[in-house]
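Engineer: The chain contents come next:
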Amino acid sequence: SQTIHQWPATLVQPVGSPLSLECTVEGTSNPNLYWYRQAAGRGLQLLFYSVGIGQISSEVPQNLSASRPQDRQFILSSKKLLLSDSGFYLCAWRPPFAGAGELFFGEGSRLTVL
Amino acid sequence: AQTVTQSQPEISVQEAETVTLSCTYDTSESDYYLFWYKQPPSRQMILVIRQEAYKQQNATENRFSVNFQKAAKSFSLKISDSQLGDAAMYFCAYRSSIKGAQKLVFGQGTRLTINP
Numbered sequence: 173s174q175t176i177h178q179w180p181a182t183l184v185q186p187v188g189s190p191l192s193l194e195c196t197v198e199g200t201s202n203p204n205l206y207w208y209r210q211a212a213g214r215g216l217q218l219l220f221y222s223v224g225i226g227q228i229s230s231e232v233p234q235n236l237s238a239s240r241p242q243d244r245q246f247i248l249s250s251k252k253l254l255l256s257d258s259g260f261y262l263c264a265w266r267p268p269f270a271g272a273g274e275l276f277f278g279e280g281s282r283l284t285v286l
Numbered sequence: 026a027q028t029v030t031q032s033q034p035e036i037s038v039q040e041a042e043t044v045t046l047s048c049t050y051d052t053s054e055s056d057y058y059l060f061w062y063k064q065p066p067s068r069q070m071i072l073v074i075r076q077e078a079y080k081q082q083n084a085t086e087n088r089f090s091v092n093f094q095k096a097a098k099s100f101s102l103k104i105s106d107s108q109l110g111d112a113a114m115y116f117c118a119y120r121s122s123i124k125g126a127q128k129l130v131f132g133q134g135t136r137l138t139i140n141p
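Protein chains in written order, with my numbering: chain B, 173 to 286; chain W, 26 to 141.
It is worth saying that the hints were derived from the structure and are not from the lab.
Computed from a prediction, not measured in an experiment: that's the story for all the values here.
Hints may be right or wrong, so weigh each one.
Below, a sample of chain W positions facing chain B; criterion: calculated Cβ distance under 7 Å [said to hold, decoys possible]:
no., residue
1, 60
2, 65
3, 68
4, 120
5, 123
6, 128
7, 131
8, 132
9, 133
10, 138
Virtual Cβ for every residue (Gly too), placed ideally from N, Cα, C.
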């Protein structure tokens, strides 16, 4: 069966520090991968998605970047965090040729920037 | 661009009662997918139910069912015999069926509280 893991679960970082959140999927190959951000009391905003190694699409211009160094690994990064980067970050995946195409989500990473 | 609107920020219901969560969406497409996701306090999003727009029959999963009104662009979720474990944030979501479409558009969410 397929599983998705992301870490760290909780992170407190000072403004201006770097960020790295990692997500891995197991039990499948060539998944479509996604990073969403959920601000407090709000819905989910798609940040990045990837349909293959090295292929990254950005939905929202921002202080963040994403990379996919391996087929089942998706990394969210920042060189210098801003206060506005605080939030709950969710990684998700789906099979590349799925019909309905529902997403399967990781456990989430809560980032607090102070 | 497609949008999804959940007009109920919070709903409270007594255990064992039936509750309906509202969702409307805006799209110019004729074929698409709709989803309801549940986010319990543990925060991991879980798919509750899905509906393909080309199917007229409303989807049902045990105590969860939808009322899909395509012309009205409405997609409500009904939870029957509500249980304490149903307490969570519920998100309605839309995805185009166009080949290559990647984006799952979410509503703002509805917080469901179940009172014992």
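Engineer: Each hint should be assessed against the structure and marked as holding or not.
Structural biologist: Right, here's what the structure says about each hint:
The beta carbon of residue 60 of chain W comes within 6 Å of a beta carbon in chain B, closer than 7 Å, and the hint placing it at the interface holds. For residue 65 of chain W, the suggested interface contact is broken, since its CB lies about 12 Å from the closest CB of chain B, more than 7 Å. The beta carbon of residue 68 of chain W comes within 5 Å of a beta carbon in chain B, closer than 7 Å, and the hint placing it at the interface holds. With a cut of 7 Å, the hint placing residue 120 of chain W at the interface with chain B holds, because the nearest CB-to-CB distance is about 6 Å.
Checking residue 123 of chain W against chain B by beta carbon gives a least distance of about 11 Å; that is not within 7 Å, so the hint is violated. The interface hint given for residue 128 of chain W is met, as the beta carbon of that residue sits about 6 Å from the closest beta carbon of chain B, less than 7 Å. The restraint placing residue 131 of chain W at the interface with chain B holds, with a minimum CB-CB distance near 4 Å, inside the 7 Å limit. At about 6 Å, the closest approach between the beta carbon of residue 132 of chain W and any beta carbon in chain B falls short of 7 Å, and the interface hint on this residue holds.
Hint status for residue 133 of chain W: holds, given a least beta-carbon distance of 4 Å to chain B, under 7 Å. Checking residue 138 of chain W against chain B: minimum C-beta separation of about 15 Å lies over 7 Å; hint violated.
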